[in-house]
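Enquirer: Here are the chains, one letter per residue:
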Amino acid sequence: MQSAPEPDQATPESEGARAGRLPDAERAREWLSTMTLIRRFEERAGEMYARAKVGGFLHLSIGEEATIVGSARALRAEDYLISTYRSHGHALVRGTPPENVMAELFGRVDGCSHGRGGSMHMFDLARRFMGGYGIVGGNLPIAAGIALASDYKGADEVTLCTFGDGASNQGTFGETLNIAALWRLPVVFMVTNNQFGMGTALRRHSAVTDLRRKGESLGVPGMRCDGMDVLDTYAVVCEAVARVREERRPVLVEAVTYRFRGHSMADPEQYRTKEEVARWRERDPLPAFAKRLIDAGVIDEAERERADERALARVDAAVEFAEASPFPAPESLYDDVYVLDREARGRYSVETAAQRAREAGAGAARAGAGGDGASAGSANDEIPKQLSDALAAGEEATS
Amino acid sequence: MAQLRYREALNAALREELARDERVVLMGEDIGVFGGAFKVTEGLLEEFGERRVRDTPISENTIVGVGVGAAMTGLRPVVELMTINFALLAFDQIVNHAAHIHYMFGGQANVPLVVRMPQGAGHQLGPTHSHCLEALFLHVPGLLVAVPATAADAKGLLKTAIRDENPVIFIEHESLYGVRDEVPDSPPAGTVDDGGRAGAPEHLVHFGQARIAREGTDVTVVGISRMARTAERAAQTLADEHGVQAEVIDPRTLRPLDLDTILTSVAKTNRCVTVEEGWPHGGVGANLAALITEQGFDDLDAPVRRVTGADVPMPYSKPLEDMAYPHEAQVVGAVLQTLERTSGSAAAGPRASGAA
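Chain order of the listed sequences is D and F. What the first sequence shows, in my numbering, is residues 5 to 403, in sequence order. What the second sequence shows, in my numbering, is residues 73 to 428, in sequence order.
This is chain D alone, in the form it adopts within the complex (with noise of 0.2 Å):
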């Protein structure tokens, strides 16, 4: 088998323009406030989880938070980011409410997806985070046809796109880095390597390791910065920003981080020895952004404090919102499958006018019906009367 570097080895060398140095103060005191939100945010979660108040899987980016911070701080407000089911951190980063986030891992109506996507699928088109995918590779797609979007339109946005070592197995990452390059697209491909894709290690997961290269044979040049240190990863990831933005060609960004937890929270980590992760905590991201910024004088250890007790009263805060987030109604079930314009009749395939005349009548009495789980998409007079008014209105302006 190729020797493939230990862990420890892969910690990046830096690229480019890495003076290391600190932002103004002011910057660098919202970095490690955004930096410390997301790791406290995160460990609320898991105990949600735990108390069963989050279903499904619940994926944390504890340990990759100068990962987040230093690449989504390199962007402008109107450019794009994209992300996988790993996206909590990326949503919170990019100013989405933590009240928000948290209420869509409730499955609440005030969940930044209304309740429709949860963990894996976070989004706030506002913000231009463009969403957590489920789908392993799924976003690199989507992110190419955003860029070509901005380029179309003759705007200068760039599109970062976030992705894990185990997405650059996917046909989606050739297919997309090829593409990319072909048609010039303005897309930073990020890929987060986390050491892991899921509980396989790098060095058994993908004949090359050195996965800034990854992109060389389809025309996608690399660079690598310390996913560890969001100093590093900040400058490196401006440097491909700037290039992207001006010389309109993609570039890959291999970001060396270490997942903490698990891959998600049903994961009993057999893979990795605990003397690994001791390892990589030793680079914590967050206490060593910290000392930086103490021992350059810009914050003092009082100030560090408050900074982490304001994180943990805003995620108080955002479980309370959440716990108090009705669940979405009923009578939403179907909301939002199709967009229904005035051309829209009949979208529900199986809806007939005998049954919306049968809806019209019931309507009333059924209200509240359908929320015991039973198969409401065989049932079809479920099919709430809010809709079917719509399909009415819709008839009537077309006809």
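No wet-lab data here; the hints were simulated from the structure. Watch out, some of these pointers could steer you wrong.
[Stated by the list, open to error] Okay, the calculated bits of chain F under chain D, using three or more residues with CB under 8 Å as the criterion: (1) 121 to 135; (2) 144 to 155; (3) 158 to 171; (4) 329 to 336.
Don't be surprised by glycine CBs; every beta carbon is placed ideally from N, CA and C.
Dock chain F against the given chain D, drawing on the hints supplied.
Expert: Chain F alone, transformed into the frame defined by chain D:
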């Protein structure tokens, strides 16, 4: 009114929509310099340029995904896939992404994307280029599915598809590209269609409105895609040789489905035969039979009978291929059986009931 081939009607629809709406962009393998594998996009690169008519690499899943992302952020992409079998490579982007994004993100984004593809047997292209897979797409909430059988519908439905805010799977039939039909330049006299928004009224076919291809009183025959035409020929034979008046319905779109028109017809004829080229299990006919039974049972004098493709991968050899999809004779035979008259014409080919 003009006589156009099916492919020319599609080409006209694309040309008109490209001219009408700057957001419309075409993408696909060999649609530009080559002019399209079936020449549907011929001349469009020359007319609209490389910015709007884009040859792509052979990367079906990614082409569709690029369309998804571009549609989410303001374009109206029309992606051509060379055959419906190749669409299976793009199933992740079509089902997990295009169909689900509007719902999964709480209605914040939508995907006004058209994915065009031909299907169908008859050209000896064997098991990876010949299937009819509309049932796979029909299954998925979030998608709209159009299956035009005439040049007029090809044009009118494609223009509507491009204007729709939802992802549309637009399934053309490979054997129909050369077929000529009358294609209206504008809506029928006396109707007002504001679909054109600016300029003169134009020929649009709304989704969810079946076409009654032939009126009749004895039996309802629902034909899907090319089979609507096969059913029309069968109806002529039934009238000429058996004195049977069949009503032929072409749903034109499977999602949304104009079940009202079908049920109204069945209430009149009391008998129904469905005709499709796809496989019998979980097919379009199976779905129709269930819906008609659920909602029109009291009107039925006989079970809904299905004519389907044979339950096999499409064979290459010509005699076998001919047996593997329905022809006029099987439709005539199924109709006579449902009318409880004997028939000698359904002996060969696919089983009329779709039994496997």
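Enquirer: A separate judgement is required for each hint: does it hold in the structure or not?
Expert: Consistency of the hints with the structure:
{"no.": "1", "hint": "121 to 135", "in the structure": "holds (count 8)"}
{"no.": "2", "hint": "144 to 155", "in the structure": "holds (count 5)"}
{"no.": "3", "hint": "158 to 171", "in the structure": "holds (count 4)"}
{"no.": "4", "hint": "329 to 336", "in the structure": "holds (count 5)"}
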